[in-house]
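A.B. asks: The primary structure of each chain is shown beneath.
Number of protein chains: 4
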Amino acid sequence: MKKVKRGFASDNNSGVHPEVMQAIQSVNKGHVIGYGDDEYTDRAVTLVKKHFGKEAQVFFVFNGTGANVLSCQAATRPFNSIICAETSHLHEDECGAPEKFTGCKVLTVPSRHGKISVPSIEKLVYGIGFEHHSQPRIISITQATELGTVYSLSEIRVIADYAHENNMILHMDGARLSNAVVHLDSTFRLSTADQGVDILSFGLTKNGGMLCEAVIFFNPDLVPNFKYIRKQGMQLGSKMRFISAQFIALLQNDLWKRNAYHANSMARLLAERLAEFPQIKITHKVEANGVFVIVPPAIVSLLREKFFFYYWNENISEIRLMTSFDTAEDDITGFIAELRSLLGQ
Amino acid sequence: MKKVKRGFASDNNSGVHPEVMQAIQSVNKGHVIGYGDDEYTDRAVTLVKKHFGKEAQVFFVFNGTGANVLSCQAATRPFNSIICAETSHLHEDECGAPEKFTGCKVLTVPSRHGKISVPSIEKLVYGIGFEHHSQPRIISITQATELGTVYSLSEIRVIADYAHENNMILHMDGARLSNAVVHLDSTFRLSTADQGVDILSFGLTKNGGMLCEAVIFFNPDLVPNFKYIRKQGMQLGSKMRFISAQFIALLQNDLWKRNAYHANSMARLLAERLAEFPQIKITHKVEANGVFVIVPPAIVSLLREKFFFYYWNENISEIRLMTSFDTAEDDITGFIAELRSLLGQ
Amino acid sequence: MKKVKRGFASDNNSGVHPEVMQAIQSVNKGHVIGYGDDEYTDRAVTLVKKHFGKEAQVFFVFNGTGANVLSCQAATRPFNSIICAETSHLHEDECGAPEKFTGCKVLTVPSRHGKISVPSIEKLVYGIGFEHHSQPRIISITQATELGTVYSLSEIRVIADYAHENNMILHMDGARLSNAVVHLDSTFRLSTADQGVDILSFGLTKNGGMLCEAVIFFNPDLVPNFKYIRKQGMQLGSKMRFISAQFIALLQNDLWKRNAYHANSMARLLAERLAEFPQIKITHKVEANGVFVIVPPAIVSLLREKFFFYYWNENISEIRLMTSFDTAEDDITGFIAELRSLLGQ
Amino acid sequence: MKKVKRGFASDNNSGVHPEVMQAIQSVNKGHVIGYGDDEYTDRAVTLVKKHFGKEAQVFFVFNGTGANVLSCQAATRPFNSIICAETSHLHEDECGAPEKFTGCKVLTVPSRHGKISVPSIEKLVYGIGFEHHSQPRIISITQATELGTVYSLSEIRVIADYAHENNMILHMDGARLSNAVVHLDSTFRLSTADQGVDILSFGLTKNGGMLCEAVIFFNPDLVPNFKYIRKQGMQLGSKMRFISAQFIALLQNDLWKRNAYHANSMARLLAERLAEFPQIKITHKVEANGVFVIVPPAIVSLLREKFFFYYWNENISEIRLMTSFDTAEDDITGFIAELRSLLGQ
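Chains as they are written, first to last, in the numbering used here: chain A, 1 to 345; chain B, 1 to 345; chain C, 1 to 345; chain D, 1 to 345.
No lab work stands behind these hints, which were simulated from the structure alone.
Please read all numbers here as calculations on a predicted model, not as lab measurements.
Among the hints, a few may not be true.
Which copy? The list can't say, so a pair holds if one copy fits it or any two copies do.
Unchecked claim - The list that follows gives simulated cross-link-like pairs (lysine to any residue, SDA-like), each with its CA atoms no further than 25 Å apart: (1) Lys-115 to Glu-86; (2) Lys-5 to Gly-53; (3) Lys-306 to His-113; (4) Lys-281 to Glu-86; (5) Lys-29 to Gly-334; (6) Lys-227 to Val-125; (7) Lys-257 to Ser-317; (8) Lys-49 to Pro-224; (9) Lys-50 to Pro-18; (10) Lys-115 to Pro-297; (11) Lys-54 to Phe-307; (12) Lys-123 to Leu-107.
Build out the structure end to end from the sequences listed, making use of the hints.
C.D. replies: This is the structure in structure tokens:
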């Protein structure tokens, strides 16, 4: 049997927050109509609108890949292109699902600490109206980024304005949006709709949920056919109430905020403790729940015997440490102690 | 708030069996690696092999659409065709997902009480080697059928042999396989692998699960690339243990059998009681957990005020009544009483 | 070396009309811009508008498959369905290209002598707004049909009206439109735009051209993105002038009409001569350039030693005989003589 | 009417070589079977084998986009990736056709003067066996490159070896292969099959043909299903003999070589004359039939009033000048004279 070992491998290695589990259980009574036409889903939708604005239109899906790919499908025809960071999950970790499902070209721009900006994006926006060239249609940013950094509100606004001035759409991959909003000390609405985001992949799975992902539209033009896109995209759940229950639990008493606040705090604490080691270099600002550090190559495998974590860039011995809603101070203390021991301090 | 009303609309209107819910809760501790590389998934896989044979290779997915479509993708190239019943879920209820994802042509044959047979299939098997013609590659059958009937083991064998003799693959949509196996008084393995099924969409969601679907391969040639197909198909779950837990609960103490046995029994009871009404005509043999009846048109909407159910064929006033693991005898008694009252008896 | 043998196999077994060849040669001078931005293409477009109405917008493509598939792509999203005759080329002879490229479901209705009509179409128009169901979007008819018959203008009108009342689009596969227009003693415009056709696959290859196919839009809403669809659909020719020249030759001095008139006349003559044999049964009205007959099975292979032709339905010994712009009376006389000899008359 | 103006815009702005036109005419007699089952196609295939080796298997298609995209489809599943130069036609000029048709991810590496090499390719070859990552499958190079340079035989060999060692396939986009072979003073076979190329997009349209493109396989494993891929890919011509005739004309008496030799010579001459201007900078070696130069921005539009040509990179006032089989010395003399006049020399 595989040994269960705690660590910092990914926020999806955590289980489900007890309040979420409780909510899942609590909706398990009697019969309700399938596929989302039920009171729990209604309540979850209402809560989404409370947080994101009443114009927000939400569709629950199964996973982040589904949310990202169907968001793209909603706004594109196959002759379009999608622009994103070369570090983005959309480009790097979906096994080509965006290309397969939308038929679009995915174009990447170099990221600075996970973020992209207009000067690099606009190099890809040309050939408009030229039939030999895929027509740019979506800019996709990740908030918080894959590198643990967070776009400021004005950074989002600038990209959104650029997108709209060029007849494009701004998509946000918000698999860790809660962590970003907590870092910004903002609200969901202020961080998305109010800055010009058109479509959001909204994920709470990594923040204490079990299977808790949604596509949220702030641009109503994109909505009319989305129900068919979700169904044809194999992302429509039959016993929807059990997904909706998770959104209710996470959105109704600010559990999303408590969880993200905790994870972010633990990342900050971990970073502070790691900063004490002169042999270790933190490579990106710690703004959300990820800490990226270069560690002496010799200790990596020894350290991994005790704690789960992944290489980010093996060539430079950079590792990724993710905290979660259930990271305990003890996890950090233990990790630092082990590190100290391995580094002979 | 939507009124919660019991009924016979669908087996997916039921909740989750308490033992399944208990299992989901019981795996919610500590950290495990995501995407299925965890001990619970190992245990679930072992149980699948116990029931289906040790050669069976299983991949958990999110829903029945995903299982069906990815099964087809595993065995086809876009120039192939897929042959199924005109009543099949694959053709009728997936919003074209098979065509979209595989690029294949889906061809239908008329069904007799939900079943297809070689004489009608072979009319579509021609033009082999002719480049203008989509090359037949998959025969897909549904067990139990969408009309509540069940293929006998020898009926499956005959289709499988025909498929293999013609260089084709037999896929089984087993969204209600448990109900079929119970009706046949057989085992999972005897009803699938041993009769020549190559790929199975195995669903337990309708049988007491929450999100409990899998693709099972009995033909090892189709497996090597399937992990990529699942990921690119947006059907790979991150916190996989919560899906695996459901399979463990349903497969380890024959909960699948108890649930299906109950649902089938309730269908039989319902059918027996309905047979007492001369104005009501049962249209298909009641072998699994569905009862199809033609009722006097005048009473349908009145009946629906009290009980959930769907029209099957509104033109002839045919309705579909599905039972489930949680159907109570009281549900049937109440339904019959209401019917009696409406029919003035 | 393969023996060159005349016959009635297909109108694409003929070569190119000398006036078309002459036109191709005549544009072979100097440099012009590629991809259609040249004077010859301008002239061809002008001629298309002269025949089809000035609102017609035309895009030249490479072949009939391309014209049909890109027409469908222009008017659909992948969650749509396309309704056509079970005998249609779109369904039967494109190796699944429509499904592959559009992602749509192709649904068939039984044809009567190659034609479909509203009562059979409307059986497939249901589930509107229901997310599990592919949404019907295109009705495609073939004019002249694959069985040598021709829709009357009012038959087209009725289908067009039905399509538009149901938010659908009427596509016409006009691979043999010239033959139909000649039979109807009508004009291109009256036979298409004026009856409500939205998109036309217009083919002149079978009518004396070499590579002479186009998509013509009468519904301007479908046009804006079509240039990208054609390019991404691999159907944009670089040295376009040589395609345009063919349209010029066929459209400017009514060569299309002379060719089609001749082919139709030859078909009628052939049918008249075949009608003299009591052992031979003509199975469809001879309205365009195809003659379908059931002949005694014993003579088919003997007959084929002398003349090219294809079985249509081998089970009933039905063969298809196509005439062309270059069919000579001698071809018919010789065929009849051979038949007479084989039938011992 | 658009003014016909000679120039250096593209080798596809030229017409058709008279010998090719003559060949097209010469096959225009009698009936032959459609879709390539004719004597002329047989002869063209034989000639291809004569030049490329008897193992070569060839399929004629309509255009370079078709040849490139179908080549990719033959060797991939949608979870694969295709690696090419960022300057490649496959990436830059197909309006996303490769992604749309194959579903694969297209990844680019920076090119040096249009060429790519293993050190940059291998940065993209990772994540093998990791289900979240598109699996690299094709390396595509262009010969001659889009920048008028030519890979040496050993440069090709090195990439081919790398591809095969990594279970990948080498595709060559040979839209201007003739120009490269002439530059290398080699043969078709030595420049392709013998260096390890698996699939070739072989184009003669730019070298005096009209519609003269093919996919040639040197790796027999990729062939078996290709006839379906071509048909479903909308690239199967009905009156194939007129395409085959072009291949015959160009391949039988070394017309391909005469044409390419002339075009290359004209490019060299043009480059020599341009080198006389100190204000003009040649940006890439002139090895095939393209000359890339940076010219003073002020003269570009004035120059374009007299001669067709395109900007390559407007930001740095770089223009592309293509020569062709029909470029006359007078064209060059006139161009240089105009330039001299504009530059006030």
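A.B. asks: Of the numbered hints stated previously, which ones are contradicted by the structure, given in increasing order?
C.D. replies: 2, 3, 7, 10, 11
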